[in-house]
Amino acid sequence: MIQGLPSLQHMTTNIEAPRREYVDGATAIVRGAIDAGCTFFAGYPITPASGILMAMMRELPKVGGIAMQGEDEIASIGMCLGATMTGARSMTATSGPGISLYSENIGVAVMGEVPLVIVDVQRLGPATGGATTVAQGDVQFVRWGTAGGYPVIVLAPSSVPESYALTVKAFELAERFRCPVFLLTDKEIAMTLSAVDVDHYPEAALPARVEKDSGLPYSWEPADAVEPMRHYGYGDAFRFTGSTHDEGGYITKNPAKVGALNEHLIAKIEDHRDEIEMVDLDLEAGAHTLVLSYGVTAGSARAAVRQLRSEGVAVSGAVVQSLWPIPETALGVAFDGIDRIVVPELNMGLYRREIDRIAGDRQVVGVNRIDGRLITVDEIVEVVR
Amino acid sequence: MNTVTITPISTFRTDDPYPFCPGCGHGPILDRLNEAMIKMDLDPAKVVIVSDIGCSGLSDQYFITSAFHGLHGRSITYATGIKLANPDLDVVVIMGDGGTGIGGTHLISAARRNIGITVIVMNNLNFGMTGGQHSTTTPEGGVTSTTPLGNLEHPLDICATVGVNGAAYVYRGSSFDKDLADRIVAGMQKPGFALLDVWDLCTAYYVRSNKFTRAGMEDSMRSWGMEPGLLYDRVTSEYATGYRAAHEGIVGTPTMSARPIPVEFEATLNHPMSLVVAGSAGGKIRSASRLIALGGIRSGLWAAQRDDYPVTVKSGHSVSELWLAPEEMPLTAVTQPDVLAIISDDGYGKAGPYLSAMTANDLVLTIPDYADLETDAQVVVIDPKSAEKRIPKTSMGLVYLAAALAMTGPYPLDALRVAAAAGSFSEVNLEAVETGIALATRR
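Sequence lines, in order, name chains A and B. Counting from 1, one number per residue, gives the positions in the first sequence under this note's numbering. Counting from 386, one number per residue, gives the positions in the second sequence under this note's numbering.
The hints are simulated quantities; they were obtained by calculation from the structure and are not laboratory data. Any given hint could be a false lead.
Cβ-Cβ distance ranges computed for the label pairs, FRET-style [said to hold, decoys possible]:
hint	chain 1	residue 1	chain 2	residue 2	range
1	A	Gly349	B	Asp473	51 to 57 Å
2	A	Pro126	B	Leu615	35 to 41 Å
3	A	Ala223	B	Gly601	29 to 35 Å
4	A	Leu216	B	Lys431	15 to 21 Å
5	B	Asp604	A	Pro126	37 to 43 Å
6	A	Val365	B	Lys699	50 to 56 Å
7	B	Ala630	A	Tyr150	54 to 60 Å
8	B	Ala630	A	Gln69	42 to 48 Å
So these bits of chain B aren't anywhere near chain A, every CB distance computed over 12 Å [to be verified]:
hint	residue
9	Leu469
10	Gly548
11	Asp799
Every residue gets a Cβ at the ideal spot worked out from N, C-alpha and C, and that includes glycine.
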């Protein structure tokens, strides 16, 4: 069975004297990035992601890395792409308006197969929306936010320890699949201070990137294989392009080459969903209702499941940590015996439509808010009951 | 004895002919770049040519160096990342006047930063690849496919723009310049940002639409006030090197890591408790809430605080929702606080939903202004004027929260005192804590 990250909410500590700190999710992201070997960061100030930028500017040089405040979001992600192709492990952080400006370069990262971690600290949209107001409105946007519709990976933490663990995981997956990986968080998860057991952070030790010093920069035979990276200044000269290219990085319109490249961009991720799927399953025997949540809404969802059980109501819970690709195998396990799925989200049902697509005959019900307030425990309990 | 003869590279070009139109100046400019790299005896594996979109974006494919071919107008951003990651590389940007326009902010920022890249603008005064539309450098009156009656905009002076903004090396010339290769060498060898604005003829469009010639181009430069030649030549430090030098002293120092807060007290709280403080931004509301949480953690409790405020910094409301709990709990909104402290008009403006949800077992602490507020909760008015000393606005939140702790007793007050003493502004905070406790006890 596919395992999610250990459910930190359900863990019990056996430590006699608790070892706790009081931190926010942004701090956990910065620590996760540094522990994952991040050496380059570029970002542009935007609420509620600025905390990550400021901390990276302060912390990254301490490990010999480089952190830049770009002249805008386009420059920031552009610098990350250049630095990664020169051997750096890069991250950037922004919010919805910044993702809009990243859009074209997200495509370059997909096309050129550039590992890059992109943190989206969601705020209420559309447009500048509510800078200090929580929302989960970017859940489809990050998936489909660049031309072409090619797959990306999106992870969503629901707590401070998950913010750390999933940042590390994001780097691991970006390296593994040579693609942009989004860490989709939000104003509350990034900025809420929480007591955290310091022993709850997982060990982070990512191996150095496999690079090669000569030969063609790309290969897509077999289609799902990911070629080791070439880096500028290491070994022979090589080419990179954001345009449709052959294995040598030369622009091509040859249909066989074009098709092979594009099928590769899909297959390398879609054929390896099992390496990406992460769902925190909290299943109860005999339950017919499943509360399925992600990100900040998982807080109320977990509390609602707890409360309902204390009232004798059988209910299962699932917190999706890998939003894209949709973790269909893990969710298939969660759906067993379930006839109703309740999906609370701070949007009008953006992820629910994906659940509906794979839920078969099951009833899929939303609990939704777009007014900047969190969904309460009672609101979920009412719908389940 | 064996002798090894090192032959300098005779060309950085591939064998492929350029794809440019007959008479186009792009090929000659690239030939001068090739000559420059030969003169410098560079290692092609240590050179990255960064290009973007348009006819100029075809250039990199004709060199044996490394290449990064990216988005329209963004070549400078990639080049910056490459140079930052490895300052030993020679990074050359080839872009057109189109890319210069769409990426104008990158041009200015790269000049200000003096990142050590060399930008060659192949400036043919219009968009050659997409049908001869006008660009930011199209002269006033210039006829293009999008200015059929003549351009109404003033042309961008690329050199002046980067020059006044700090660029180390700025040269304007044309594809016909005999010494262009030497100018490129000088730019590439110059520490800091170098830009060569190299005008050339677009024989497909601009030349045809405007009867534009080599002589006309050279005359035009002067008549438009855009003098050719070496325009700026400054001594500056290169950014990527400068960044490393500036941070050298902190490399290897510890990064922010988890530091456990000691648990020295025992809490009495045996159920989750929520406290909300509703005040004004600039009143240290979040810091006050944080100290209450830290006192709880020092007593073995779990804590979490969710803060709400507008985009403004020191105006508007500031509301902090704080949970204290004996067991770890998921993050949820506070709907019915056990304690609500209203300490300003801004705070009262946000208190409505809490007040209407609160019941007889809950407690409201308020400033005298709201003594008559409507709620089912118990209301306790605390008059800050009754304190022995005047309470600063920035201590109000902590005073009321300390009073709330003194009245509800979830954990020992000494834990709060220790937390206050351990942090920054300890003197002011300790005084606020004692004031709050005194106001609660005297009541």
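(request) Please name the hints from earlier in the document that this structure breaks, with their numbers sorted from lowest to highest. (result) 2, 3, 5, 6, 7, 8, 9
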